[in-house]
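Heads up: the sequence lines are chains C and L, in that order. For the record, in the first sequence the residue sitting at position 97 is 97 according to the working numbering, with numbers rising by one throughout. For the record, in the second sequence the residue sitting at position 372 is 372 according to the working numbering, with numbers rising by one throughout.
Among these hints, one or two may not hold up.
Stated by the list, open to error - Over 10 Å on every C-beta distance to chain L, these chain C residues come out as not near it, computed from the model:
1) PRO26
2) GLU52
3) ARG55
4) TRP82
5) LYS83
6) VAL85
7) ASP101
8) LYS109
9) GLY129
10) GLU157
To be verified - Here are the simulated DSBU-like pairs of lysine-lysine, each with C-alpha atoms no more than 35 Å apart in a straight line:
11) C:LYS48 x L:LYS238
12) L:LYS238 x L:LYS181
13) L:LYS36 x C:LYS143
14) C:LYS169 x L:LYS310
15) L:LYS141 x L:LYS310
16) C:LYS144 x L:LYS181
If you are wondering where the hints come from, they were derived from the structure by calculation, not from laboratory data. No residue lacks a Cβ here, since even glycine has one placed at the ideal position from N, Cα and C.
The residues making up each chain are set out below.
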Amino acid sequence: MKNFLKTSILATASVLVLCNCQESGPIEVTEVREINPAVKLEIPVLAKSDTERFRMSEKKPQAQRPATPGAPRLIWDLPEGWKEVETTQMRDANLRFGENDEGECYLTKLSGGGGGLVANVNRWRGQMGLPDAKPEEINALPKKPLFGTDATYIDLEGDFGGMGGGEAKKDYKMLGLVLTAQGGAVFVKMTGPKTLVDANTAKFDAFCQSLNVDFGAAPEAPAAPAAPSAPESKANKSE
Amino acid sequence: MAILKGIYKFFSSFLFAAIILILLTIVTLFGTLAQKEMGLHGGVKEFFHSYGYSVFDASPFGIPIKFPLPGGMTLMFLLFISMTLGGVVHVKKRVRGIPNLIIHCGMLFLLVSGYITHNMKRDGYVALYPGTSTNRAQSYKDWQIEVFELGENDEAKQATVIPWENLRPIGDEGSQVFTSKAWPFSVQVENFYRNARPIPTSAPISAEATGPEINGFKLLRRETDKEVAANFPGCFAKIIPADGSDAAAELILSGTSDRISPDDAAMLAGFEFEGKKWGIQLVKRSWEIAFNIELEKFIFEKHPGTTKAKNFESRIIWREDLEDEGKKVAVRMNDPMRQSGFVVFQESYGPPNPGPGEQMYSQFAVSDDPADYFPLIALIIITIGLVAHFVWRLAEYISKSSAKRRAA
Numbered sequence: 001m002k003n004f005l006k007t008s009i010l011a012t013a014s015v016l017v018l019c020n021c022q023e024s025g026p027i028e029v030t031e032v033r034e035i036n037p038a039v040k041l042e043i044p045v046l047a048k049s050d051t052e053r054f055r056m057s058e059k060k061p062q063a064q065r066p067a068t069p070g071a072p073r074l075i076w077d078l079p080e081g082w083k084e085v086e087t088t089q090m091r092d093a094n095l096r097f098g099e100n101d102e103g104e105c106y107l108t109k110l111s112g113g114g115g116g117l118v119a120n121v122n123r124w125r126g127q128m129g130l131p132d133a134k135p136e137e138i139n140a141l142p143k144k145p146l147f148g149t150d151a152t153y154i155d156l157e158g159d160f161g162g163m164g165g166g167e168a169k170k171d172y173k174m175l176g177l178v179l180t181a182q183g184g185a186v187f188v189k190m191t192g193p194k195t196l197v198d199a200n201t202a203k204f205d206a207f208c209q210s211l212n213v214d215f216g217a218a219p220e221a222p223a224a225p226a227a228p229s230a231p232e233s234k235a236n237k238s239e
Numbered sequence: 001m002a003i004l005k006g007i008y009k010f011f012s013s014f015l016f017a018a019i020i021l022i023l024l025t026i027v028t029l030f031g032t033l034a035q036k037e038m039g040l041h042g043g044v045k046e047f048f049h050s051y052g053y054s055v056f057d058a059s060p061f062g063i064p065i066k067f068p069l070p071g072g073m074t075l076m077f078l079l080f081i082s083m084t085l086g087g088v089v090h091v092k093k094r095v096r097g098i099p100n101l102i103i104h105c106g107m108l109f110l111l112v113s114g115y116i117t118h119n120m121k122r123d124g125y126v127a128l129y130p131g132t133s134t135n136r137a138q139s140y141k142d143w144q145i146e147v148f149e150l151g152e153n154d155e156a157k158q159a160t161v162i163p164w165e166n167l168r169p170i171g172d173e174g175s176q177v178f179t180s181k182a183w184p185f186s187v188q189v190e191n192f193y194r195n196a197r198p199i200p201t202s203a204p205i206s207a208e209a210t211g212p213e214i215n216g217f218k219l220l221r222r223e224t225d226k227e228v229a230a231n232f233p234g235c236f237a238k239i240i241p242a243d244g245s246d247a248a249a250e251l252i253l254s255g256t257s258d259r260i261s262p263d264d265a266a267m268l269a270g271f272e273f274e275g276k277k278w279g280i281q282l283v284k285r286s287w288e289i290a291f292n293i294e295l296e297k298f299i300f301e302k303h304p305g306t307t308k309a310k311n312f313e314s315r316i317i318w319r320e321d322l323e324d325e326g327k328k329v330a331v332r333m334n335d336p337m338r339q340s341g342f343v344v345f346q347e348s349y350g351p352p353n354p355g356p357g358e359q360m361y362s363q364f365a366v367s368d369d370p371a372d373y374f375p376l377i378a379l380i381i382i383t384i385g386l387v388a389h390f391v392w393r394l395a396e397y398i399s400k401s402s403a404k405r406r407a408a
């Protein structure tokens, strides 16, 4: 019995020492993934910068998805003094205002829940140099109508670091509406110098209330962005 | 010897079996309650997949409760021992005991199949827009680092993969060097955070980030989200020359560089080494499935007047060889396709709020379980045992009743 115990202890110690030695040294990797040139999405795209690689610019590595002919359109009333600029992958409505277009307002749709209300509001707070808020504080934020339902209204002031990695812009203000559901989210976000945003707050409200979907001659009505209720998608999409 | 006999007697006893079953009931109850606060994956991992013990620390009824529970896997092993010793080894070997033996063997087979599934099953997903195809499934939660040698036009033919099994143990403070015959250098991966974001140093929040600044970015560690799909890992990678001299390149790798939608591609970080171009990326773990799936058509129906999905199904073409014409199959909710050991379920779709002109994609759950049919086989074995047991006992009863009547 004693010999058995001794042997067991020695064997266990040897295994532990061997395991320890194996982990501290370099590990040779042998797994290979062949790139199938016939499957375009398997081909990685070399990012031109870290900003692009971390998805902090609006450059899209692949061509924009083709629009379905005759499909419904997102419509809105353009506030006076504002102008429309080209939409991007992440901006389904893209507007500018101010003398030098320093104010911007855009609408973004995200699939997969977009990370949820709390994560997104705190992400925006981070962009304004503000600390994270508690979930209960975020859930208690005021509501405003968007696509016929209540969306969470965000009003933040601070230094806007944005997503581009440039210098933080002083004395900025951000207004936003966030509509999240199990399967997706819609965001309307306005940023600019505080005085400019204050002067355009009423226009922001009017723009949000005017947002709608023109079903036009569409063969089948699409899901209204107001109340997405699809099962949660695992495909993450981040701004 | 007497001790061994005592141990054998205890492990094969009804008392031991009853204790294990009661503990399994308790673990199931509180493990399920804990999922409300820990998330589905977290709760399953903590209580049902654990070998040691777990601590239940939650407020399921508004009252904080904290107490230890034995690990689910440990209990399953003990149940296996109990059933093997008590239900197979210890029972008297006689003809009338055969049905009982069959039932226990069926249950043991079920436990074995569960263990195989736990260790070998791979769950992933495939998301496709109509007209696109793939033969790779992606993991929901596991990641890998891929290193590419790039051609003159930045094209890549193959990636050498640092698998998740080697990345996971690195942890927040660890470091690990990886080599490959395909590389003239080694890759040192440091600080593998399960959830982190690259933050430009100009953003005030970057002050909270630790670690080096690389190309104007720092890596900000975040709390691990209870929903595993919401976590994007991040780490530092150093390209170390073979002679061990100073790093030729230092990079921040982030899961945010991975594909953000099914029609998107992952973004590579480029670096040069000895005059050649290389690329490296941190992406979701992926693996080949035995066939190619092409989404021919996605059908989506809503309940009238609502945006709630009534039915969604995918018409797919699967091919074992890309040259083949392929076979058309409809995959619907609760009606998966089973092929070559893989099961393809209709899981979800996106974007959930399709905007003007947007196409919809279909998402499939792909399961690769070598023990997929084992529970069915176990159920058949158990059913045979139960039927045999019932018929045997019925025959005995009828025989005894007849004998009694004859005697009377």
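Structure-based check of all given hints:
1. PRO26: violated, 4 Å
2. GLU52: Contrary to the label, GLU52 (chain C) does not stay out of reach of chain L, its closest Cβ about 7 Å off (not over 10 Å).
3. ARG55: violated, 5 Å
4. TRP82: holds, 20 Å
5. LYS83: Holds, because the least Cβ-Cβ distance between LYS83 (chain C) and chain L comes to about 20 Å, which exceeds 10 Å.
6. VAL85: Answer for VAL85 (chain C): holds, closest chain L Cβ roughly 17 Å.
7. ASP101: holds, 21 Å
8. LYS109: Incorrect as stated: the minimum Cβ-Cβ distance to chain L is 6 Å, not above 10 Å.
9. GLY129: violated, 3 Å
10. GLU157: holds, 13 Å
11. C:LYS48 x L:LYS238: Holds. LYS48 (chain C) to LYS238 (chain L) sits at ~19 Å (cutoff 35 Å).
12. L:LYS238 x L:LYS181: holds, 17 Å
13. L:LYS36 x C:LYS143: Distance ~27 Å between LYS36 (chain L) and LYS143 (chain C) Cα, so the pair holds.
14. C:LYS169 x L:LYS310: Violated, at roughly 47 Å.
15. L:LYS141 x L:LYS310: holds, 29 Å
16. C:LYS144 x L:LYS181: violated, 59 Å
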